[in-house]
Amino acid sequence: SQQGEEDPQALSIQEGENATMNCSYKTSINNLQWYRQNSGRGLVHLILIRSNEREKHSGRLRVTLDTSKKSSSLLITASRAADTASYFCATEQGGSEKLVFGKGTKLTVNP
Amino acid sequence: DAGVIQSPRHEVTEMGQEVTLRCKPISGHNSLFWYRQTMMRGLELLIYFNNNVPIDDSGMPEDRFSAKMPNASFSTLKIQPSEPRDSAVYFCASWRTGEETQYFGPGTRLLVL
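Residue numbers (our numbering), protein chains in the order written: chain F, 1274 to 1384; chain U, 201 to 313.
Note that these hints are calculated values from the structure, not bench results. Small disclaimer: the values here were computed from a predicted structure and weren't measured. Among the hints, a few may not be true.
With a cut-off of at most 25 angstroms between alpha-carbon atoms, the simulated DSS-like pairs for lysine-lysine come out as follows [to be verified]:
no., chain 1, residue 1, chain 2, residue 2
1, F, 1379, F, 1342
2, U, 224, U, 278
3, F, 1329, F, 1379
4, F, 1343, F, 1379
5, F, 1342, F, 1329
6, F, 1376, F, 1343
7, F, 1299, U, 268
8, F, 1371, U, 278
9, F, 1371, U, 268
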């Protein structure tokens, strides 16, 4: 079953704008990760946020985690055409390295 | 490091044929994961190994699917007999204990006619 559910399913913005994607999950987690997938390629890890963290930054990426609401958001600032990809959240639950992925948000950044 | 290597990259076969997908994890990684990705179901974990031992195969759809990891540097996912609904992209990923991320291979795009 899908643990993470991303929202929106698709997002189209102009270059330079910010993109925000959300992820909701159902059970307690150890950490939540965001991955990126370019068309026809494998997934690439972007950032991990642990259950005791509320916010994390990496370059133009900002991730928040609200464990009370079982939700996370990924913000990409000053988007570029090269950011066009699908973005997935994945949750790791207790005692296991197993990840459960959502269905992803397809982001299109128009030049 | 070459990353996770999967072969073949593309496979077209006819219903009823046996399909074998191969994966070479990153050297030194002790866990290996097989995923399937479809438009309808997204990315699903099929099975994962830790130190070459299958830990969780609850995602394997049915007996037609089997996976092996005879050593730390090689794994196979076999479908016998294949069916059109098995058409998907199959990813292998590897991970080393203590690291943050799983590393994904480029995937095998399978089409069963």
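When the hints from earlier in the document are held up against this structure, which numbers fail? 7
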